[in-house]
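Take a look at the letters that make up each chain.
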Amino acid sequence: MTPDVDAAVTQAFRDHWGQVVATLIRVTGDWDLAEECAQDAFAQAVRRWARDGVPRRPAAWLTTTARNRAVDRLRREAVGAAKLREVAAMTYEPEPGDDGDVPDERLRLMFTCCHPALAMDSQVALTLRTLAGLTTTEIARALLVGEPAMSKRLTRAKRKIRHAGIPYRVPPAHLLPERTPAVLAVLYLLFNEGYSATSGADLVRRNLSAEAIRLARVLARLMPDEPEAVGLLALMLLHDARRDARLDEAGELVTLDAQDRLRWDTAEIAEGAELLDGALRRGRPGTYQVQAAIAACHATAADADDTDWAQIAALYGELARLVPSPVVALNRAVAVGMADGPAAGLALVEVIEASGELAGYHLLPATRADLLRRLDRHVEARDAYREALRSAPTDTERRFLRRRLAEIAAPS
Amino acid sequence: MQYMLLICGDESAAAHANDGCGGWTEEMLRRGVVRGGGGLRPPAEATTVRVRDDEVLLSDGPFAETKEQVGGFCLIECADLDEAIEIAAKHPAAGYGTIEIRPLWTP
Chain A
212 MTPDVDAAVT QAFRDHWGQV VATLIRVTGD WDLAEECAQD AFAQAVRRWA RDGVPRRPAA
272 WLTTTARNRA VDRLRREAVG AAKLREVAAM TYEPEPGDDG DVPDERLRLM FTCCHPALAM
332 DSQVALTLRT LAGLTTTEIA RALLVGEPAM SKRLTRAKRK IRHAGIPYRV PPAHLLPERT
392 PAVLAVLYLL FNEGYSATSG ADLVRRNLSA EAIRLARVLA RLMPDEPEAV GLLALMLLHD
452 ARRDARLDEA GELVTLDAQD RLRWDTAEIA EGAELLDGAL RRGRPGTYQV QAAIAACHAT
512 AADADDTDWA QIAALYGELA RLVPSPVVAL NRAVAVGMAD GPAAGLALVE VIEASGELAG
572 YHLLPATRAD LLRRLDRHVE ARDAYREALR SAPTDTERRF LRRRLAEIAA PS
Chain B
3 MQYMLLICGD ESAAAHANDG CGGWTEEMLR RGVVRGGGGL RPPAEATTVR VRDDEVLLSD
63 GPFAETKEQV GGFCLIECAD LDEAIEIAAK HPAAGYGTIE IRPLWTP
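Chains as they are written, first to last, in the numbering used here: chain A, 212 to 623; chain B, 3 to 109.
Hints are computed from structural coordinates only; laboratory data are not their basis.
Ideal Cβ placement from N, Cα and C applies to all residues, glycine included.
Honestly, I wouldn't trust all of these hints.
Only part of the chain A face toward chain B is listed, based on derived beta-carbon distances under 7 Å [claimed, not checked]:
| no. | residue |
| --- | --- |
| 1 | Ala328 |
| 2 | Ala330 |
| 3 | His374 |
| 4 | Ala375 |
| 5 | Gly376 |
| 6 | Ile377 |
Generate the whole structure from the sequences, applying the supplied hints.
Right, here's the structure in full:
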């Protein structure tokens, strides 16, 4: 196969896999058949495109080929004549474009995979399988689950969709506000699975972030009136822009203030910031938009000292209002500590400590230690660093805390 | 599709035994979704039957002693799971107990 054809098939897979599967699910109602026929169509593309050239409309070619395959299969299995007629009569319909009344097939599939009657881990796995085209092996590896367990989970989810009568559709308007957050949550989870990975070189996990961004793009385009969908895409882009600067050559985590900003992806930052502006103009801020706004404050600062901490502290205040959580409160305390000085931050940390909600969470004593260090209260800071060290979950974090401890332990 | 709604609750559900269904039954009959159903007397009045080696074995009480017990059931016919969820969520018992939606086996 020539490199051109190879690239064309790869590109077609990324762009059209979800669409082909979704269309086939709609007409056959059979998830396994849909996936198998889509796989077949891509396998045929590899052979036929090498011989006949890449078709002018790859999506149409793939959908028609997959449809023909489904007709063959259904004919052989001698299923209901009505379904066979329906599939045989199906023709490829081009992308609906701007017509808001025709939901994109992938949107329908996204909402079905993320139906709240399915367990969250099933929602994630099914989205990766049917929309992103990942193999069971890849999903199992990416989500750190055994392959037989993953295979079972996918089978069970598909069976439940069929037998419990989970509808294959974009939910009606009155259900959208309650259903959309699940879709957004699954996409953000996918992104984070690929972003917070401890092994930075793992390509499968890195691909997860890329797939999450791609699906978020689809969602944002299909739901332009949902500012949170656009906000989520902006948030992912703004985080992803810093990906390469987050680890040094030794694979150690580099904190935000120490990152080499020349390694940040300026195109992604610009796109994320512009998307966010558009979303915020709609005047319906949500958690993703606020988090994206915080990420944008960091991403657009010329250097660490230039960071608008007052703005970040205000945004964390807004986030705490939307999702009252002690972790958000702790982040706000850090931002206030930067904006108004360590004493102001420490006062907030002490309130969280008194509530007991974050007992055992290493970032609580780590934050207190850092604020005490900046107040030159070194004896208390040392105790706090030691407390943080006892509960820090990863080697990378323990190394970071030990470095800080050594800095203030040294007689000055 | 047909679904069985299993209406479950713990002992505190007994306090609602005479509440009625607050118009739920009337609405569902009007919509034509109800195929049957009823409330059950408490688990303490249940008898459980098993036949092993041709011998009928009886025990006093429910099949499984759990915190939550089935207190009533309702068979409904509706379009899909989303409609079944909407119907179940409207049932007053959803406010103090839980409602398990089980699709019926179809040939």
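Evaluated hints:
1. Ala328: Because about 6 Å separates Ala328/A from the closest Cβ in chain B, which is inside the 7 Å limit, the hint holds.
2. Ala330: violated (15 Å)
3. His374: Where the cut-off is 7 Å and the nearest Cβ of chain B is about 6 Å from His374/A, the hint holds.
4. Ala375: At about 5 Å, which falls below the 7 Å cut-off, the nearest Cβ of chain B leaves the hint on Ala375/A intact, so it holds.
5. Gly376: holds (4 Å)
6. Ile377: holds (5 Å)
The structure fails hint 2 only (numbered hints given earlier).
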